[in-house]
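Asks: Heads up: the sequence lines are chains A and B, in that order.
This note's numbering puts the first residue of the first sequence at 917, with every later residue one more than the last.
This note's numbering puts the first residue of the second sequence at 967, with every later residue one more than the last.
For the record, the hints were derived by calculation from the structure and aren't laboratory data.
Backbone N, C-alpha and C fix where the C-beta goes; we use that ideal spot for every residue, glycine too.
Do not rely on the hints blindly, as some may be mistaken.
To be verified - If you want a taste of the chain A side facing chain B, the calculated C-beta under 8 Å gives, among others:
hint	residue
1	M989
2	R1020
3	R1023
4	D1033
5	T1036
6	P1040
7	T1051
8	I1054
9	L1058
10	F1088
11	V1099
As a plain string of letters, each chain reads:
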Amino acid sequence: MSEVVSEINTLRSATRSSGQIALEIKDLKTYLYTRWGVVKAVDGVSLSLRDGECLGLVGESGCGKTMFGLSLMRLLPRPAGRIVGGEVLFNGEDIVKKSEAEMREIRGRQISMVLQDPMTALDPIFSVGRQLTETITISSDLKGPALLERAVELLRMVRIPAPAERLAAFPFQMSGGMRQRVVGAIALAQEPRILIADEPTTSLDVTTQANYLRLLKSLQERLNLTLIFITHDFGIVARVCHRVGVMYAGKLVELGDVEDIFDNPRHPYTKCLIDSVPKLDKRVTRLATITGQPPTLHDLPPGCSFRPRCTEAGTHCRPDQYPDPAMVGDRHYVRCWLYQ
Amino acid sequence: MQRLILMRLFYGVITLVIVSMIVFILSRLTGDPAALMLPLDATEEARINMTHVLGLDKPLYEQYWIFLSSAVRGDLGKSIRFREQVGTLYMQRLPNTLKLAGAAVFFVLIVSIPLGCFTALKKDSFADYGSRGFVSVGLAMPSFWFGLVLMQVFAVWLRWVDAAGMSTPKHYILPAVTLGLGMAAGMTRILRSGMIDVLDSEFIKMLRIKGLPERKVTFRHALRNAFIPPLTILGQYTAIILGGAVVVEVIFTWPGVGRLSYEAIMSRDFPVIQAVVLINGAILLFANLLVDILYAYIDPRIRSSV
Chain A
917 MSEVVSEINT LRSATRSSGQ IALEIKDLKT YLYTRWGVVK AVDGVSLSLR DGECLGLVGE
977 SGCGKTMFGL SLMRLLPRPA GRIVGGEVLF NGEDIVKKSE AEMREIRGRQ ISMVLQDPMT
1037 ALDPIFSVGR QLTETITISS DLKGPALLER AVELLRMVRI PAPAERLAAF PFQMSGGMRQ
1097 RVVGAIALAQ EPRILIADEP TTSLDVTTQA NYLRLLKSLQ ERLNLTLIFI THDFGIVARV
1157 CHRVGVMYAG KLVELGDVED IFDNPRHPYT KCLIDSVPKL DKRVTRLATI TGQPPTLHDL
1217 PPGCSFRPRC TEAGTHCRPD QYPDPAMVGD RHYVRCWLYQ
Chain B
967 MQRLILMRLF YGVITLVIVS MIVFILSRLT GDPAALMLPL DATEEARINM THVLGLDKPL
1027 YEQYWIFLSS AVRGDLGKSI RFREQVGTLY MQRLPNTLKL AGAAVFFVLI VSIPLGCFTA
1087 LKKDSFADYG SRGFVSVGLA MPSFWFGLVL MQVFAVWLRW VDAAGMSTPK HYILPAVTLG
1147 LGMAAGMTRI LRSGMIDVLD SEFIKMLRIK GLPERKVTFR HALRNAFIPP LTILGQYTAI
1207 ILGGAVVVEV IFTWPGVGRL SYEAIMSRDF PVIQAVVLIN GAILLFANLL VDILYAYIDP
1267 RIRSSV
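With the hints as constraints, model all of the structure from the sequences given.
Replies: Following this line, the structure appears as structure tokens:
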């Protein structure tokens, strides 16, 4: 673990979570009403974020991470997705209660998002320049050369070489890494305070991934962004984030500072996730895996949903009730019967 | 872009030559024009003479060469029935068909674009079900029947419009609607499914994330992306209408190309039939070329691949 920790220390900025509360999420519940039943994609998640803080949200596919991000944007798949409970306080106001018109004022300008697949996140038939200028003019009156100048500046900000020439390019003429940078430029064009990055590097190759992460990190520090980084890769979390939230089956099962979680993971699921990251200082012949599949999120039985796959399950696990959050450290909580 | 146009024109010419061969051979198979032009009691000598005058005793390749070379010069022969140049006859009728086609295409667009977009946005709503009903009925209803029903209702009972003629803009309504109904239904269906696909894509989500007003998301981005399949259909429809909407023009006694071909077939006016088929082929090719150019205009990926 020592490599990881030293990397954390070098990469993580001094700007520590001392800023003001940027976003406070209280008991958020987002359900999907499908024809097969109600899917509790986000089931009572609470957390708060400070200005300039970076939270990593980790979990397997289908655990509700993306739905959590989309809930904050209020862009859930229609008509299935609905926020059924809880509050998302932003600037003292509850986003959940906002009208669609009010949300449009918030999207892009206050809270923005980068999607997973850069290959499909840009309109294929509009030039990069047009897509950028369109974004800029949503919230500003820039025109003519000043508008183009701003677009070039944004491309330069995401380190696109020869940005002025790139304005005329179309998405299909760019590589995946390049496109993901453009998506980043679009997401940041209106200078939002909060950026949700939904697995932005998953579909990039490893070198491009590292570059993109470095870029995202430096932008986050420079713009004092509050970053929610959704990923299934604990390695990335270690390099970018201050805090980690681990999601399992719609619930936040563990939340704490990066070092705490890495040095002292409490939830059996978190332990499994960390063990499944390859390490440089240990010679292993087989990577650890978590047996079984994540549960489908509808008709979950009461009680801990990780129990069927848990190596530490036992008589202490009550079958009728989900464990409440228990504080196990200064800013570290876990929802597991082991700590009740 | 220029290369695309030149290539398409080149292929178009080749296609037209093949079409002209088929037309030429088929018309030779339909019977002997000399026998048709002579009175029933004409002598064998007169028949041979007539065949010679018409050039039908020459070898087939020579006949084809004569037909082709004069067709290239714009001379498509003389109508047997009207004793007039086919080209002149055709050009007299073409403006009428063009006007009707314009009206019909306009009708198709003002019905299918809003309906296709709206039903895609409000998928599975009442309006969507209603529109799907309209699509099924519109596609299933034959125009000869629908035209007559419209005529009965609006011209005979309600007396809002006249049943035939083309002197005022009002006269365009019934034939244009009759002609456009099935096409509007088909376009609506294709546009709806295209819009549903596009609206589901990631880049639409990204546009919403950046706070773009829904109107722009729908019309500037989604519609333009979804419009390529309907454009193909629209090109084909337009070509079909221009080639003469035979049934509709006959029902509404519309003096267009369609009725010209109807009359030519009824009176076995071979030069006219031949010419109409050839010109229709040319129109279809031209419409396809136009659609290809529009594709390239809409989609930069196509632009760069040629």
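Asks: Tell me the hint numbers this structure goes against, listed in increasing order.
Replies: 9
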